[in-house]
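S.K.: Residue numbers (UniProt numbering), protein chains in the order written: chain H, 1 to 238; chain R, 1 to 293; chain B, 1 to 351.
A portion of the hints provided could be inaccurate.
As the list claims (entries may be wrong) - On the chain R side, residues computed to face chain B include the following (Cβ under 8 Å):
{"hint": "1", "residue": "103"}
{"hint": "2", "residue": "107"}
{"hint": "3", "residue": "111"}
{"hint": "4", "residue": "174"}
{"hint": "5", "residue": "219"}
{"hint": "6", "residue": "263"}
Claimed, not checked - Just so you have them, the derived chain H footprint on chain R, three or more residues with Cβ under 8 Å:
{"hint": "7", "stretch": "156 to 166"}
{"hint": "8", "stretch": "179 to 193"}
Read the hints as simulated data drawn from the structure, not as lab findings. Ideal Cβ positions, reconstructed from N, Cα and C, are used throughout, including at glycine.
Listed here are the chains, written in short residue letters.
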Amino acid sequence: MSALIVENLVAGYGDARVLHGVDLNVGQGEICAILGPNGAGKTTLLRALSGMVKARGTVRLGGTSLAGRSPDAVARLGVAHVPEGRGTFMPLTVEENLRLGAFVRRGKKDVDADLARIHTYFPVLKTRLKQAAGSLSGGEQQMLAIGRALMSRPRVLLLDEPSLGLAPLVTRELFRIVQAVNEEERTTVVVVEQNAHLALGIAQQAHVLETGRIVLSGTAAQIRADEQVAQSYLGYRV
Amino acid sequence: MAGFLQQVVEGLGAGAIYASMALALVLIYQFTGIVNFAQGELAMFSTYIAWQCVAAGLPFWAALALTLVVSFAGGMLVERLIIRPVEGAPELTIVIVTVGLFIFVNAAAGWIWTFLIKDFPNPFPQGALQLGGISVGFSTVGVLGVVALVMVLLYLLFQHTRIGLGMRAVATNPSSARLVGIRVGWTLALGWGLAATVGAVSGVLIAPLLFLEPNMMGGVLIYAFAAATLGGFDSPAGAVVGGVIVGVAETLAGAYVGFIGSDLKIGVPLMIILGVLLLRPQGLFGRAVVERA
Amino acid sequence: MTGRADANPATRDAAPATAAAATGEAGATSVRLFGWDAARWRWVAAAALLAAALYAPFQLIPFHVFQLTMVLVYAVALLGLNLLVGHAGQISLGHGAFFAVGAYAAAILMERWDTPYPLTLPIAAAVAFVLGLVLGVPAMRLRGLYLALVTLAIAIFLVPLLKRFEEVTGGSMGLTLAKPAPPAWSGLAEDQWIYFLVLAVAVAAFLLAGSLLRSRVGRALHAVRDNEIAAEVMGVRLSFYKTLAFAWSAMFAGAAGCVYTWVIGFVSPDSFTVNLSITLLAGLVVGGLGTMAGPVLGALFVMFVPGISQEINDAAPGVIFGLLIIAVMYVAPTGLAGLAGRLIRKIPRKE
Numbered sequence: 001m002s003a004l005i006v007e008n009l010v011a012g013y014g015d016a017r018v019l020h021g022v023d024l025n026v027g028q029g030e031i032c033a034i035l036g037p038n039g040a041g042k043t044t045l046l047r048a049l050s051g052m053v054k055a056r057g058t059v060r061l062g063g064t065s066l067a068g069r070s071p072d073a074v075a076r077l078g079v080a081h082v083p084e085g086r087g088t089f090m091p092l093t094v095e096e097n098l099r100l101g102a103f104v105r106r107g108k109k110d111v112d113a114d115l116a117r118i119h120t121y122f123p124v125l126k127t128r129l130k131q132a133a134g135s136l137s138g139g140e141q142q143m144l145a146i147g148r149a150l151m152s153r154p155r156v157l158l159l160d161e162p163s164l165g166l167a168p169l170v171t172r173e174l175f176r177i178v179q180a181v182n183e184e185e186r187t188t189v190v191v192v193e194q195n196a197h198l199a200l201g202i203a204q205q206a207h208v209l210e211t212g213r214i215v216l217s218g219t220a221a222q223i224r225a226d227e228q229v230a231q232s233y234l235g236y237r238v
Numbered sequence: 001m002a003g004f005l006q007q008v009v010e011g012l013g014a015g016a017i018y019a020s021m022a023l024a025l026v027l028i029y030q031f032t033g034i035v036n037f038a039q040g041e042l043a044m045f046s047t048y049i050a051w052q053c054v055a056a057g058l059p060f061w062a063a064l065a066l067t068l069v070v071s072f073a074g075g076m077l078v079e080r081l082i083i084r085p086v087e088g089a090p091e092l093t094i095v096i097v098t099v100g101l102f103i104f105v106n107a108a109a110g111w112i113w114t115f116l117i118k119d120f121p122n123p124f125p126q127g128a129l130q131l132g133g134i135s136v137g138f139s140t141v142g143v144l145g146v147v148a149l150v151m152v153l154l155y156l157l158f159q160h161t162r163i164g165l166g167m168r169a170v171a172t173n174p175s176s177a178r179l180v181g182i183r184v185g186w187t188l189a190l191g192w193g194l195a196a197t198v199g200a201v202s203g204v205l206i207a208p209l210l211f212l213e214p215n216m217m218g219g220v221l222i223y224a225f226a227a228a229t230l231g232g233f234d235s236p237a238g239a240v241v242g243g244v245i246v247g248v249a250e251t252l253a254g255a256y257v258g259f260i261g262s263d264l265k266i267g268v269p270l271m272i273i274l275g276v277l278l279l280r281p282q283g284l285f286g287r288a289v290v291e292r293a
Numbered sequence: 001m002t003g004r005a006d007a008n009p010a011t012r013d014a015a016p017a018t019a020a021a022a023t024g025e026a027g028a029t030s031v032r033l034f035g036w037d038a039a040r041w042r043w044v045a046a047a048a049l050l051a052a053a054l055y056a057p058f059q060l061i062p063f064h065v066f067q068l069t070m071v072l073v074y075a076v077a078l079l080g081l082n083l084l085v086g087h088a089g090q091i092s093l094g095h096g097a098f099f100a101v102g103a104y105a106a107a108i109l110m111e112r113w114d115t116p117y118p119l120t121l122p123i124a125a126a127v128a129f130v131l132g133l134v135l136g137v138p139a140m141r142l143r144g145l146y147l148a149l150v151t152l153a154i155a156i157f158l159v160p161l162l163k164r165f166e167e168v169t170g171g172s173m174g175l176t177l178a179k180p181a182p183p184a185w186s187g188l189a190e191d192q193w194i195y196f197l198v199l200a201v202a203v204a205a206f207l208l209a210g211s212l213l214r215s216r217v218g219r220a221l222h223a224v225r226d227n228e229i230a231a232e233v234m235g236v237r238l239s240f241y242k243t244l245a246f247a248w249s250a251m252f253a254g255a256a257g258c259v260y261t262w263v264i265g266f267v268s269p270d271s272f273t274v275n276l277s278i279t280l281l282a283g284l285v286v287g288g289l290g291t292m293a294g295p296v297l298g299a300l301f302v303m304f305v306p307g308i309s310q311e312i313n314d315a316a317p318g319v320i321f322g323l324l325i326i327a328v329m330y331v332a333p334t335g336l337a338g339l340a341g342r343l344i345r346k347i348p349r350k351e
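Chain H with its partners taken away, still in its complex shape:
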């Protein structure tokens, strides 16, 4: 059963086309890694999925078409996008940031329960609830951003470079948590990542994007095993 189906997705900014027909098929509960060099269109792909940039082509979430919908409508349908830069509401408190994640949901009890659930994933946030989100460290803000996304109980979680600007230790911890969330909640995850090694470590399937096209797809293991790919696209030696 597919959670997210993307067919021939074309997107860009104004006259500048960035994506030239991208196909994806992400199974329910899967983690899908999108890899590729700078400027390949990875961020644009996520933005096209969540409606932040105009796109043509098919995007289906379960049975619902997302094409042409605004970002807030896509969010209400169950896609949580943790954008590049984390999208933190800086002057608001940590708790307010988390509650905003659940903005589209009704039922205070459920939301309170979810808040407690987020605390078990990210214990550090629990001690900072009344603090302004802007005062958190980069790693904590990334945790807050993922926590905020989880508060909406998303069917699909889109993560844009969660490792960006973070220390390796923090990044590893973050990916461990994403994996735990994926396993416990069966949340489908699409993660865009420069750090291919980490992303492939938790993903089931992976795609390499280059100049707006998918040039290679396979299971995470296949991609990792392909030495040529490793050198030319992923920038590290196996």
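We have chain H already, so just place chains R and B on it with the hints.
M.R.: Below, chains R and B without anything else, positioned relative to chain H:
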């Protein structure tokens, strides 16, 4: 001393009105980065609506309630119809559009109600409280009470409701707000509606002190600008404090600086604006100015 | 880092065409009609306009000559405002104040010191220029928004200030002055003589503004308008040029105010309320920001539309101005002049 305190009290009454007008400006600025030059005119128009309701025989407070509802809807409508098409346009374009709105609303009021001045009923009783040699008019007490009530309601709205939280989210990070599912366009309209409502309150409060006529809010707008600049355009609390300071400063300057007198009081907000811009551009409570690219 | 490259174009399409977009000169070289390019056609048009302007006072009744004179007065003021708003992208809601300063400077010079009227022009312009510099320094250190606030406050403050200094300004009663008398050799009537005086000032003002804009300084102003940050990176001293633009535009407004005094022979505070400032901005926006024809079209508009529409209702001019400004900002940010330019450019090319 009593005379001085008396002046301070008068200043507080004026300041409360400037504060509510400044609050209206700051509300819109926070959401959209727009300084709405038509804010005063919208308030004036609202005041005329209240006057019309009273003239039609409605009791004052019912007229006020109706006016606030109409103003709220009107503010939302203005955002949707007039401001939306230039959303994201350069500041120059937006400022000119709000100036156009200023001219239009001013003239529309003149068209509908003529430019002749009208008496506006004072909702508060005549007379004054005597407090140790200072007399505090019921009217001043009433103004302070109403403005305080508005502040408290706004505080509760922003800090303790889901909609208020959503509005603050939009004000701080609109694109991220969209990603959590907030309808940003409607939230902006809501902000304009709220601002128009708060502005309407200040219009209705000041109309009995001035006369009701289409140009009545021109001066008030300048005081409100001074208040918002002083408090910081991104700080609602600052707008309130700024409004009170401007009101007291204006009254004291008019009373004690012989040169200023009552006719040149309008120079006080100008001096305050220039002084703040030179010494502390972000205002007393504002965050350091970040250029919006 | 992928997004860095992605993000930039996104901001670009968020900024719709505005005053910054077309200056009216855009595409000037692309159109050719009967073998002449647009630049030459503009000179032909200007010459024809000037010829008509020289001929008109001999054909019109005095009242119409007076109206045309006022159009020229407003055109000079709008020319100054256009330097600031249209070319440097800074907004002034108080240009009527500089107009008033010029008018009062001329009036006071003539009233108190019997200054010959031709001398009042350079002095009034200089006074407005200096005042523009003094006020521009604090205002221009900050964003355009605050300039709008400060200038609006100045415009509102000016009226009570003029009333206060009664000994000098004549207070609410104002000052009444003799209009410039035509010299006997000219054989002109008073209204015609004044018309030609103002026409000379207006032509000089347009030539001056045109050469300013073609100079290095003009390019710096456009750079400031189109992208402040980039301009600063390229080494344009932002606050210097913004302040200078403000002072110049004040100077033109002051000159316009001075000739206004010649034309009307009377100044009073109530002629220079904030409405004048707002009307000037409205006229310029409708006429066309950042274009050379804009101030002329705007001046015609400011002069004639209120008179005509006032027959419907006292408030009709405001309603029309307000709606037009908003409409212009939506559909034609370069105003009537820009629209005309666009139509001309639609004429098929002939080789």
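S.K.: So, for every hint listed, does it hold in this structure?
M.R.: How the hints compare with the structure:
1. A distance limit of 8 Å between C-beta atoms decides the matter here; for residue 103/R the minimum to chain B is near 4 Å, and the interface restraint holds.
2. Proximity of residue 107/R to chain B holds as hinted, the smallest CB-CB distance being about 2 Å (cut-off 8 Å).
3. Satisfaction of the interface hint for residue 111/R is found here, the shortest Cβ-Cβ separation to chain B being roughly 4 Å, below the 8 Å cut-off.
4. This hint is violated: residue 174/R has a C-beta 12 Å from the nearest C-beta of chain B, more than the 8 Å allowed.
5. The interface hint given for residue 219/R is met, as the beta carbon of that residue sits about 7 Å from the closest beta carbon of chain B, less than 8 Å.
6. A cut of 8 Å between beta carbons decides the hint on residue 263/R: the least distance to chain B is about 5 Å, and the hint holds.
7. With 3 residues having a beta carbon nearer than 8 Å to a beta carbon of chain H, the stretch 156 to 166 of chain R meets the requirement of three or more and the stated coverage holds.
8. Figure legend: the stretch 179 to 193 of chain R, annotated as covered by chain H; annotation consistent (6 residues with Cβ-Cβ distances under 8 Å, at least 3 required).
Consistency note: the structure conflicts with earlier hint 4 alone.
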